[in-house]
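Chains as they are written, first to last, in this note's numbering: chain H, 1 to 144; chain C, 1 to 524.
Hints were generated in silico from the structure; no laboratory data involved.
Computed from a predicted structure; not experimentally measured.
Ideal Cβ positions, reconstructed from N, Cα and C, are used throughout, including at glycine.
Certain hints may be false.
Quick list of the computed label-pair ranges, beta carbon to beta carbon [claimed, not checked]: (1) Val-104(H) with Asp-282(C): 18 to 28 angstroms; (2) Glu-113(H) with Asn-340(C): 34 to 44 angstroms; (3) Asn-349(C) with Glu-113(H): 20 to 30 angstroms; (4) Glu-32(C) with Gly-11(H): 30 to 40 angstroms.
With the C-beta cut set under 7 angstroms, the calculated list includes, among others, these residues of chain H facing chain C [claimed, not checked]: (5) Phe-9; (6) Val-13; (7) Leu-17; (8) Pro-88; (9) Phe-92; (10) Ser-96; (11) Gly-109; (12) Phe-110; (13) Val-114; (14) Val-125.
Below are the BS3-like pairs computed for lysine-lysine, each with C-alpha atoms no more than 27 angstroms apart in a straight line [to be verified]: (15) Lys-344(C) with Lys-101(H); (16) Lys-271(C) with Lys-209(C); (17) Lys-57(H) with Lys-36(C).
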Amino acid sequence: MQNRGVSEFIGLVLMILIVVVLFVIVFFAFDVRKYFTEGSPCSDVKVDVVGACYNEKNIIIKIKNNGDLDVNNGFLFKIYGNEVYDVPSAPFTLLSGFGVKEVVLPYEGFVKEVNKIVVLPKLIVNEKQYICDSNLEGYKLNAC
Amino acid sequence: MPVKKVIKVIIVVLFFLITILNVYGEVQISFEPNDKYAAGDVLTIRIDPDKYGVFKYVYIYDDKNTLQETIILNNCKDFTCYTPLMIRYNLPLTWHGNYSVAVYDYGINDYVLGYFNVESKIVFNRNLKCNRCSSHKAPPLTDVEMTISASGKGNLVDYFEKDWMIIDANDGVVSNYDSRFNKISWNVDGSISKTYIIKSPERTMPSTKYLFFTELNSRSDDWFVIVADPTNIVEELLPIVHTNTRLSNVQLTQNQVDLIRSDDNLYLNMKKGAKLESELSDTSLTPNVINNAYCELYYYTTANINNNGRFQLYNRKKGNLIDSANIIRSTSENVLLLNNLQNKGLTVNDINTLFITVNNAGKSNSDFIYVDKIRCVIDYGVSSNLGIGISNELSNGIKWDIQTLPVNDFDAVGNDGDTLYYIDVNAEGTNVDVYLKGNGNLISGTNNIPLGNEKVSSSTTDSKVLTGIQNPITLNYNDNKIGNNLINGNRIYLKFYLTVPGSQAAGNYVNLLNFKAVPNGVIP
Chain H
1 MQNRGVSEFI GLVLMILIVV VLFVIVFFAF DVRKYFTEGS PCSDVKVDVV GACYNEKNII
61 IKIKNNGDLD VNNGFLFKIY GNEVYDVPSA PFTLLSGFGV KEVVLPYEGF VKEVNKIVVL
121 PKLIVNEKQY ICDSNLEGYK LNAC
Chain C
1 MPVKKVIKVI IVVLFFLITI LNVYGEVQIS FEPNDKYAAG DVLTIRIDPD KYGVFKYVYI
61 YDDKNTLQET IILNNCKDFT CYTPLMIRYN LPLTWHGNYS VAVYDYGIND YVLGYFNVES
121 KIVFNRNLKC NRCSSHKAPP LTDVEMTISA SGKGNLVDYF EKDWMIIDAN DGVVSNYDSR
181 FNKISWNVDG SISKTYIIKS PERTMPSTKY LFFTELNSRS DDWFVIVADP TNIVEELLPI
241 VHTNTRLSNV QLTQNQVDLI RSDDNLYLNM KKGAKLESEL SDTSLTPNVI NNAYCELYYY
301 TTANINNNGR FQLYNRKKGN LIDSANIIRS TSENVLLLNN LQNKGLTVND INTLFITVNN
361 AGKSNSDFIY VDKIRCVIDY GVSSNLGIGI SNELSNGIKW DIQTLPVNDF DAVGNDGDTL
421 YYIDVNAEGT NVDVYLKGNG NLISGTNNIP LGNEKVSSST TDSKVLTGIQ NPITLNYNDN
481 KIGNNLINGN RIYLKFYLTV PGSQAAGNYV NLLNFKAVPN GVIP
């Protein structure tokens, strides 16, 4: 009887461990952050900032797509001010291949002086989102 | 281990893991009480961020992905909000169809959309038009042009009490409804406005308030019309759509103004620092005395408002302050009253230019004032019998017999001795001021004599007008007051003079003079 009790407890623990491990594998396999930075299609994205400035209300950035691949899910901007702030473009922001677009982001007082801005194009390919951070050099901003 | 027990364990473990996944998963957007709203409702959105937080800017799009509104979340750390948030937003009356709320989740670095639906809401309106009618008042036994408007599809029915009589149904079908009401109906589709003519009943003592209401799929609010003596008018003045009607210096739309015109429990949101300003609607009558006047602000506030803001009434935009009051905290609807305005500097000349402001001087971004309605009620008197009688000589025209030129301040023919030019005042119940103006130069063909060369002097006591000052006649009544604070039966004696230069061509020169009597103190 005693042997059967220990066996059942071990079985229970093993069962929980198996479920947890399986869950963790699935969790990371699907990567809920959907943050992919390397490999195709990011290598085909060639986006440049052709002008940017900020005032007390907005940060205005003019972006040019030098490749033929559409940026179909907007942009994530890293604003280097008092700290580094991640600011997304508005929903449904698209930049077609070889297109130019002016994006207006909100500026708030806590950002203080904006030193530079990094543009991360976002693509969705085969229902998978890619955030392309191949160009982290950034663009220096001045007051408008 | 038994199979049933294994399954139970797996279910329990998965439940906990899924709960954890929620924390590390993506933002949850939900609507309260559900995702179905009517235009004008308060949209309530609950946002539960995951541990990575959400972007503080939330966007609302229509079904064509056109941006409709941007909402900035409070209580966030810089651009990121981590704690559950509740958004309340007044849905504009113009919205209908499917909409989406877009919240950027830093966990998945993408926008998450929540969808809701807005049903259009029928907005009823009514306008009364007649001589001495106002929104809620009509003189007895008068043909009133009644206009009702609504938007929708179906049978538009207007109900009126049987003491009123249809004069012109304008293609509407008139029929009996019950022992109290008759009705008039039209089949309509879309946004419509229907007008019919209806005769008001005899005046009763005391005056009777009659009920009107409209149906188009739903029933309008009650609309009362009082049939009363027009010499004493109670008029409701509400904010109007006007370039002077602004919120934080942005002109309000018709829908926004409608929110603060109607007692419908829909609110105009005023955030910290916001200033609402509006001119009030005009009266159609000429008042001569204000019996009573007050203004009301219907509002509620968030919890931290405490005397942070003022409700102010001016006699005109950038004019004199008549009265004001602090906006006190009230988390349920409250009415702020500015009363006895007639004793605080409000005059009959101010009624058509009244100007209100409401400002939110809250200290925090979460300090809101919600304005439901603004109204001013003016009880004023008008003269029902006001006029002038003109002497025969004056009504036949002012004649000049000039033989040689030049002449300076030459007497008109009727000036000789006791003047033949005079005006008799007819005024019951009020004192009056009398004005005149010219319609232009004296003209003969292509030649003219400037109006300023024609002068007038007046007296209410001296028929020879010996002491009257000769004033040049102008194009404006305001410049040519010839009688002040006169009573019924007073006579104004007038003499006219003309200056003509030597070079003036011969001819019969003509112009017209207009006379106007108004209650004392009223701008002509």
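For this session: Find the hints from earlier in the document that the structure breaks and name them by number, from lowest to highest.
Result: Violated: hints 1, 2, 3, 4, 5, 6, 7, 10, 11, 13, 14, 15, 16 and 17.
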